[in-house]
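Undergrad: Going down the list, the sequences are from chains A and B.
Plus 12 on top of the position in the first sequence (first one is 1) and you've got the numbering used here.
Plus 1 on top of the position in the second sequence (first one is 1) and you've got the numbering used here.
Incorrect hints may appear among the rest.
Stated by the list, open to error - Covered stretches of chain A, as calculated for chain B (at least 3 residues, CB under 8 Å):
1) 37–51
2) 140–146
3) 150–163
4) 169–183
5) 188–196
FYI, nobody ran anything at the bench for these hints, they're computed from the structure.
Note that the structure is a prediction, hence the values are computed from the model and not measured.
Glycine included, C-beta positions come from ideal geometry on N, C-alpha and C.
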Amino acid sequence: MRTPYVNRELAHLSDEALVALAARSEQSALAELYDRFGRPAYGLALRILRDESLAEDAVQEAFLTLWRTSARFVPERGKASTWILTLVHRRAVDLVRREERRRADAIDQAPEQVSRDAVDEEAWLRLQRERVQDALRKLPDQQREAIELAYYGGFTQSELAERLGQPLGTIKSRMFMGLARLRELLGEPGLEMSWTSTT
Amino acid sequence: MDVHDLTAAYALDALDPEGRETFEAHLGQCARCREELASFGETATALALGVVSPPPPPQLRNRILAAAAVERENVVPLPMRRPWLVRATAAAASVAACTAIGLGIWAATLSHSLDRARATSASAEQAAEVLADQCTQKIALHGGSGMLAVDPRGRGVLVVERLPVAPSGRVYEAWVIPHGGAPHKAGLFDSSGSMTMVPLAESVPKGAVVAATLERAGGTDKPTQTPVFSAQT
Chain A
13 MRTPYVNREL AHLSDEALVA LAARSEQSAL AELYDRFGRP AYGLALRILR DESLAEDAVQ
73 EAFLTLWRTS ARFVPERGKA STWILTLVHR RAVDLVRREE RRRADAIDQA PEQVSRDAVD
133 EEAWLRLQRE RVQDALRKLP DQQREAIELA YYGGFTQSEL AERLGQPLGT IKSRMFMGLA
193 RLRELLGEPG LEMSWTSTT
Chain B
2 MDVHDLTAAY ALDALDPEGR ETFEAHLGQC ARCREELASF GETATALALG VVSPPPPPQL
62 RNRILAAAAV ERENVVPLPM RRPWLVRATA AAASVAACTA IGLGIWAATL SHSLDRARAT
122 SASAEQAAEV LADQCTQKIA LHGGSGMLAV DPRGRGVLVV ERLPVAPSGR VYEAWVIPHG
182 GAPHKAGLFD SSGSMTMVPL AESVPKGAVV AATLERAGGT DKPTQTPVFS AQT
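Bound-form chain B, shown alone (with noise of 0.2 Å):
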């Protein structure tokens, strides 16, 4: 048998990591096996609906769309927060509390947010924590309509409403602006609908500005635009 007949196998997942670069490789050369790797595909997709399904726990469709709400890595890396991820769940059920200790107006906006907008709360998780603590600086928004919230720990989260997405080929870019300092980047973001919610991937120390500019996409390592909004902390 030639490399041609490796399509099986592949489709299977039967070759070792070489094996599989080999073949990749082959792949990339060869229609006829693109073609028939295209239909073996579909039957060990079968093969993979052959099996008893349970349902899975509730709490990974939660934790997914989570960690894709931090990550966006599509529109480029913001860094994985695992042990936010790990506390997401119980800092959720203290978003009710934040509402009554007084967040205003704010608050009751995100948690009816909550529920209208499901997508949107999957990051609304990884802020909550930061979000629920009672001892968390939050500011409004000049120049947009939400807030930042900083941890005492300086961990800072976005929340913006009703941002605009970015045109085709921009992206939103969060920065850290320490006073008297040059700005750090902080993380793209584009808009999720009527709430987005953006934790800033560089703390934010005292005394710092926050503002996102909408930058080329990829991001710049400066802001190049006027910032469309910011928040003086």
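Only chain A is shown next, with the shape it has when bound in the complex (with noise of 0.2 Å):
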């Protein structure tokens, strides 16, 4: 969902050249990035801190801080989605370290709990979740179960050895492997973003 005032004058332009964009203090540049990774960094932060008003502060600091640091951003080394979502994602696993109610529940509040109905999403978010979470089903156990709580639940590895009892060698390893195998699954065709189609 667009907001209408939005000045899609940028549209076309690829995400690393808003980026570029905003690193010359283009304002509608950011308003761009935000139009396009807002909802999903939105999520994201929800997924892991599980308060509205701190996801929305996670969120903001997140593209607070690519306002700021745009101009050091180096497309050779990854792609303008990946940076500003793993931006999101690190804001708001600090953020999470840092409450004290913490998030025991990650993996027992699967998405597919919440009602798919019930939330009104673009038909590319939609996509990309169930090919996602297909992926994600087709991992070992163990595996998910260590992918899960690290990225969605933001526990350390140490955390993570202590809290299932396994030893840190053991936990990296499965986060090693689950990745492996997740990139594997999801380098099929079919994952890269495309935001023309959903416009």
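Please assemble the complex out of the two chains, which come individually in their own frames, going by the hints.
TA: Next comes the structure, spelled out in structure tokens:
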């Protein structure tokens, strides 16, 4: 859902080009990046933080970090989308680690348990989500558990080792193997982001 | 497992602060890990997209853009003005009232531009509070099109129309020059299109002159150029 007043003149630009414009203090580029990533960013922060106002804080701080540091973004090192969602994730995880009430239920509340009908989503986001969840389901249970608790729960590898009663090496290896397998599963065609198809 | 194998944990943000630092130091020297991280990073991004995303509250977008407009830290830091931000939404509503009570042509131009230029309206919301205050003093700029608005507490906002973009390597710097005193730095800025709002980082005492000069990127401590425009309170 795009807000109607959005200046879509920049809609044809790549994410990376927008980051370069943001580095030159182009506010409209920041607005366009928010329109592309604000929703998944908020969804991610909300999943980790389980609190709407904390999630908003995390998203806001991540986008302001983007605004301040966009000049340092190096396209050769990775995609802009990766960078932006990494900023959001980092911020959310830092916040949740600071919060006392923690993310013990990270695994229990899998996305499937949320009513899909209740959520108005762009088709693109839904397709991405289904693909990722299919891939996650194909992982061995222990690898999936390690990845979900780390990424959505905000647990460090040491905390996971303690929580799961496993040696740290085992946890590291589960995360590594799991993420490598996930990469393989997602490497199949179809995951490439395409913003033009949604407009 | 050695340090190379921490790429996955790093991509998942599963390292504690020390581990993160150690790995980042390693990353600087290890091309293999940088490469691995680029692709693991994308996989982690995919996980981000595996989450149900309810739409964020609509005001979040405005808040981010407003904060970015005030901050403009990729030009050079202006202080964050959180109290302004909190009140910005309420203040935006009074822009219309402002028009009614006779800001004249200026306010009409402003609200017209608000509709037209979404990107500048975020900073406009900041400025709105000062602009909407009936007791705010509004002084036309000398040498430029626009005005200086100063509220009774001395908070100032420069509103400049059609400010040319600063040449490469240069930046506009605002100055508050108290009567008989030396210039105080009041923030760096660049054009944001048809309407540029610059909340001043320095309060504006009675009788002060507010001016802007074009300085080298990063700004200077004292003005080195003749003012592009100025206003005498």
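Undergrad: Against each hint, give a clear statement of whether it holds in the structure.
TA: Quick rundown of the hints versus the structure:
no., hint, verdict
1, 37–51, "holds (count 10)"
2, 140–146, "holds (count 5)"
3, 150–163, "holds (count 3)"
4, 169–183, "holds (count 4)"
5, 188–196, "holds (count 6)"
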